[in-house]
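Asks: One-letter residues, chain by chain:
Number of protein chains: 2
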Amino acid sequence: MTRKITAAEALLRCAADSDVRVCFANPGTTEMALVSALDNIPNIKAVLGLFEGVCTGAADGYGRMIGKPALTLLHLGPGFANGIANLHNAHRANSPVVNLVGDHATWHLEADAPLTADIDSLARPVSNWTRRCGSPSGAVRDMHAAIVSASSYPQKISTLILPTDIQQAPVEYKRFAKSACETKVVAEEEVQRIAKFLSEGKDIALLLGRNALSLKGLESAAAISAITGADLFSETFVGRAERGANLPKVTRLPYFPEPATELLSKYRSIVLVGARPPVSFFGYEGIPSSLVPKNCRLDILATELEDAENALINLSTELNCKRTFTHGASHPNGRPVGALNPESLGQAVVAVQPDNCIVVDESATSGGPYASISHLAAPHTVLQLTGGAIGQGLPCATGAAIACPDRAVIALQADGSALYTIQALWTQARESLNVTTIICSNRSYRILRIELGRTGEKDPREKAHSLTDLGNPSIDWVSIAEGFGVPATRVERSEDLAKEIDASVKNPGPNLIEAVL
Amino acid sequence: MTRKITAAEALLRCAADSDVRVCFANPGTTEMALVSALDNIPNIKAVLGLFEGVCTGAADGYGRMIGKPALTLLHLGPGFANGIANLHNAHRANSPVVNLVGDHATWHLEADAPLTADIDSLARPVSNWTRRCGSPSGAVRDMHAAIVSASSYPQKISTLILPTDIQQAPVEYKRFAKSACETKVVAEEEVQRIAKFLSEGKDIALLLGRNALSLKGLESAAAISAITGADLFSETFVGRAERGANLPKVTRLPYFPEPATELLSKYRSIVLVGARPPVSFFGYEGIPSSLVPKNCRLDILATELEDAENALINLSTELNCKRTFTHGASHPNGRPVGALNPESLGQAVVAVQPDNCIVVDESATSGGPYASISHLAAPHTVLQLTGGAIGQGLPCATGAAIACPDRAVIALQADGSALYTIQALWTQARESLNVTTIICSNRSYRILRIELGRTGEKDPREKAHSLTDLGNPSIDWVSIAEGFGVPATRVERSEDLAKEIDASVKNPGPNLIEAVL
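Same order as they appear, the protein sequences are chains A and B. The first sequence begins at 4 in our numbering and counts up by one. The second sequence begins at 4 in our numbering and counts up by one.
If you are wondering where the hints come from, they were derived from the structure by calculation, not from laboratory data. Mixed in with the good hints, there may be bad ones.
One copy or two, it doesn't matter: identical chains are merged, so the pair holds either way.
[Said to hold, decoys possible] Distance condition first, Cα-Cα at most 30 Å in a straight line; then the derived DSS-like pairs of lysine-lysine: (1) K48 <-> K461; (2) K71 <-> K205; (3) K7 <-> K461; (4) K199 <-> K297; (5) K461 <-> K325; (6) K297 <-> K219; (7) K297 <-> K269; (8) K187 <-> K509; (9) K205 <-> K297; (10) K187 <-> K7; (11) K219 <-> K502; (12) K187 <-> K461; (13) K181 <-> K325; (14) K252 <-> K177; (15) K219 <-> K177.
Take these sequences, add in the hints, and give me the full structure.
Replies: Laid out in structure tokens, this is it:
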């Protein structure tokens with residue numbers, strides 16, 4: 004006879020048996036059975052975040068790098084709510100994440116105790132799969148379904164709500180057969196149709212997203228480009244892309260709609276390859292939402308829900324491409340010298356970022372120059388802010404570092420955004436993660452100044468200035484980082500920034516560098 | 004002819020004309036029209052929070068002190084989501100708050116741009132009133148309705164969603180007549196019924212909540228207690244209460260269900276006076292949700308939705324009470340000496356907290372001893388964590404200080420909880436608020452250790468220990484506070500704590516004291 008264990012332990016065993024390896028947790032009283040059970044599951048590492056947004060952002064970063072879901076462990080409705088912003092980003096990146104949310108005992112819900120909230124309503128906007136576990140015997144089945152849903156392509160967010168009495172109830176654990184996760188493959192006829200179209204047409208742009216930006220996807224895309232003359236673009240913000248010297252160069256669509264549409268204006272057709280139809284980040288009066296120019300048609304090789312990498316590989320075969328590509332430019336020599344500004348900051352990072360590092364880019368306005376030359380840097384993986392919910396960078400870097408302990412992680416981080424989830428630094432210190440955080444310290448929400456300018460407020464008055472200003476007082480980043488246990492330094496010159504990055508990535512453990520702009 | 008202004012400016016004018024005086028803001032691109040308009044509204048102060056949970060928690064604290072709503076200004080779904088936890092607390096405290104949330108232009112929503120989210124679904128669980136403004140001409144009417152709903156008793160949360168194109172559209176401003184806000188008064192017959200019941204019965208407890216804990220409410224309750232022999236209790240966590248030496252003493256219901264039910268076991272009846280029926284904070288197996296003992300009946304003078312202060316005043320008149328009450332014990336002399344622990348910490352605060360200060364108590368386990376003797380402290384207003392969503396204390400203190408610039412504010416703050424919304428310190432520094440934050444630094448989620456113990460895990464194993472531990476590394480609170488611009492110090496002895504509190508409350512501007520436990 005099988006030994007009985009708690010449903011909490013059974014569902015965590017199911018997760019371990021489904022290759023889940025990490026749980027990013029900020030638990031409370033209603034999750035204690037799960038917390039206790041974790042100690043019986045040696046294969047799942049437990050990582051504490053001091054705020055739920057750290058946990059969900061870390062799960063996002065982890066999922067982007069590993070391609071399998073991590074668990075989050077969150078406390079009731081308010082705990083889940085604190086994690087929503089980064090789940091929104093994960094959702095937009097199609098990252099696999101499985102959220103476990105404790106709830107009051109089923110019989111206690113009607114008491115409407117202080118922490119009672121409508122978790123289901125909060126979960127739905129950022130979850131593709133939401134279920135409230137209804138019985139101890141169903142807990143393993145529910146966990147399995149949550150993982151399969153999150154893992155199937157396109158990957159996504161599952162949220163499983165677990166009342167305490169169900170967590171605590173004894174059950175027998177029966178192992179599920181590992182499910183094959185679904186993929187959505189583009190039909191052969193579609194590949195042939197696009198092959199014919201590319202062979203015959205001209206002035207065509209391929210807009211790459213999702214796994215079209217993997218190494219294999221990029222190589223195929225570059226080969227296709229070489230043989231057909233189609234140009235390669237990527238979405239402005241990508242969940243994950245391979246990038247760097249000697250890799251195929253892909254032009255990133257500009258953020259603002261005017262230059263994006265201008266850039267696309269010479270094409271007769273845009274073919275989506277794992278990308279969504281390109282739209283403006285915000286709606287501006289008199290400018291259409293769509294970035295597709297008039298007289299340009301939109302074609303689809305793979306939607307953002309289909310396996311774009313596979314489609315590109317098949318397309319290159321269909322076109323008889325050689326699996327070679329035009330090499331990008333090679334890595335520049337020399338480091339910048341002089342005062343820091345966004346340009347020299349970008350040059351310094353490009354000069355010293357190590358081969359095979361992971362760059363988590365939430366640099367907002369300060370990182371534009373970096374992004375425009377990062378195809379010259381040593382080959383790396385870049386993770387960006389996909390959903391616009393700021394406060395993603397430091398948690399995402401934390402999760403990426405846990406996913407890839409042998410790779411250096413560089414977080415290129417806007418100052419205002421960093422403050423949303425600054426508690427992530429502590430998890431980096433506790434877990435001794437090799438994360439180098441570069442704070443682009445311009446002491447303002449600079450993007451909002453630009454947006455104010457677009458509305459006609461070129462010279463913001465008192466309150467508008469105050470609400471977009473991070474000075475008065477200025478944040479002392481070195482002090483804050485050290486308070487969370489992360490060694491830190493402040494630099495004002497680009498040669499010092501390069502030197503500090505270089506030292507940090509070579510040493511274990513996290514560091515923060517305040518780059519004063 | 005009336006000059007045309009933007010709908011954003013018109014609705015802010017409506018707010019100003021309805022006596023709204025503060026906007027706690029963390030805006031983004033979709034709120035720029037509102038940000039610009041604020042500069043045309045001299046009567047509304049704009050206060051920047053570096054995280055939305057700071058804004059919503061500050062609005063809660065402000066609303067509790069002023070009794071009128073502040074505005075929050077939040078950015079789309081993810082920005083709103085970051086504010087949900089403290090709106091949950093405000094919701095449970097019946098605080099008046101009006102949230103303004105920008106959304107994409109109406110015509111841009113279908114583009115499903117990266118920041119698009121289901122704001123309505125996120126808003127509903129924490130809003131009593133939610134509306135999506137549908138036209139520029141309706142903006143002022145919607146704002147007016149939002150304010151009236153939030154201001155009417157019981158006060159509550161309104162959320163108004165404002166697409167950018169509607170904010171920017173030109174309208175004529177027509178002033179609304181100020182609406183009388185509704186109150187829910189307890190019927191005379193009900194007061195008479197309870198008066199008769201109290202006169203004839205015995206072993207009766209009055210359970211006070213909401214505005215029964217105002218000065219007038221307490222005075223009436225004490226007079227009623229003196230004449231009828233009924234004992235006075237308050238809910239465990241109250242939104243706002245007057246407390247201190249020479250005020251009527253009210254016994255706070257214990258947090259855990261066993262001692263609470265034990266304490267209530269001698270009563271034959273519990274009469275609710277602005278309180279909800281008492282229930283256990285969490286559901287524990289084998290213990291009922293309700294704290295009302297068997298054989299004890301539950302009566303109602305005023306529900307939590309009715310004007311309890313008014314009901315108490317009428318009840319005391321009905322009972323011919325003299326408007327005098329048994330004085331509580333008076334303020335103790337002398338300060339504690341020796342190493343800090345929760346007992347001496349409580350003694351130190353009680354000894355030095357100044358007359359008429361505001362104590363924001365999110366002290367969790369460390370503050371138990373303080374709460375048990377704070378009726379001996381100088382008279383003060385206490386604001387507590389009503390909804391259990393931690394991270395409320397520092398923002399609430401910030402809002403209370405803005406509401407009452409002439410009163411010292413003391414935030415008695417658990418360390419783990421403080422980290423959720425630590426960014427509030429910066430707003431305290433920028434606004435030079437006289438807030439003294441006392442961090443109860445026990446370097447653990449101590450309550451979870453206790454809760455683990457209740458589940459049988461007396462000696463947590465590795466992961467359970469790790470997930471409830473805030474050491475490794477320890478937070479350096481002085482460093483973090485100084486990083487946000489707040490002067491800070493660390494104390495290990497109770498006489499030093501008393502001395503530092505004393506110095507801090509007498510000086511303008513914020514200070515943080517790490518009290519090492």
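Asks: Does each hint fit the structure? Answer for all of them.
Replies: Hint-by-hint comparison with the structure:
no., hint, in the structure
1, K48 <-> K461, "between (51 Å within a copy, 22 Å between copies)"
2, K71 <-> K205, "neither (39 Å within a copy, 64 Å between copies)"
3, K7 <-> K461, "between (68 Å within a copy, 21 Å between copies)"
4, K199 <-> K297, "within (23 Å within a copy, 81 Å between copies)"
5, K461 <-> K325, "neither (52 Å within a copy, 65 Å between copies)"
6, K297 <-> K219, "neither (32 Å within a copy, 70 Å between copies)"
7, K297 <-> K269, "within (11 Å within a copy, 80 Å between copies)"
8, K187 <-> K509, "neither (40 Å within a copy, 67 Å between copies)"
9, K205 <-> K297, "within (17 Å within a copy, 83 Å between copies)"
10, K187 <-> K7, "neither (39 Å within a copy, 53 Å between copies)"
11, K219 <-> K502, "neither (33 Å within a copy, 66 Å between copies)"
12, K187 <-> K461, "neither (48 Å within a copy, 49 Å between copies)"
13, K181 <-> K325, "neither (37 Å within a copy, 75 Å between copies)"
14, K252 <-> K177, "neither (49 Å within a copy, 57 Å between copies)"
15, K219 <-> K177, "neither (38 Å within a copy, 62 Å between copies)"
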